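A.B. asks: Produce the complete structure using the sequences and hints provided.
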Amino acid sequence: MYIRMASVAFGLMLSFTSNAAVLTSEQGVSVLFINGQQAESKIGENQIAPGKNQILVRMDKKVGRGSSAEVFTSDPYVLEFSIESEANVKLYHPKARSHQEAEAAFSKREPEWLIKQSGESIPYTIEKLQGREGFLPYGDLEGLLAKHNEQAGMTVIDKIQQSEVASNTNTSANVKHGSALTQLQHWYKQASTEERKAFRKWMVDQE
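Residues -20 to -1, 1 to 187 in mature numbering (1 follows the signal peptide of the UniProt record, and there is no 0) are what the sequence shown spells out, letter by letter.
The set of hints was computed from the structure by calculation and includes no laboratory data.
Okay, derived cross-link-like pairs now, SDA-like style, lysine to any residue, Cα gap no bigger than 25 Å in a straight line: (1) 75 <-> 8; (2) 42 <-> 57; (3) 42 <-> 70; (4) 127 <-> 9; (5) 41 <-> 76.
In this text, all values refer to a predicted model and were calculated from it rather than measured experimentally.
C.D. replies: What follows is the structure in structure tokens.
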């Protein structure tokens, strides 16, 4: 619940910011959520702020030709990336001109999306959103995304705890790899905004 509320607050903060970049997408891309908030437009323009951003996207593209043409709908994917300016950003789906090509593209663990700003490719991380078992596995995207972000927050805390245990039980490892404080600082810097908020809440609970 805390992660969900935090991501909503973060999304609201971004939606009202004045220094925002415009995010658009190639035809066939649906932008579903941005920073935990439902996107203003699935296929139109959305605003994102400089810094780290998270988007939930899906390909909904008509593939094939003539009477055999059909809409291919992919599973939703969580993409995270950072931008440093307010220049416009454009998102491109994996290459998929036919149903077979689309199936091949999304059979990969990390389908090859493309994000560009000012003509330059932006690095990103990608993870398929875990659906529920049974009928309509993606019937509650908001809830599934909140769960995904909560689990991501727990993951970074686990990494920090493991680093702390390792540093306390192996003095030589401390000399080689740094102190527990260094490890904490390292993982905190690597964490997303949602993960940092989850960690800070965890720290308060330990007091």
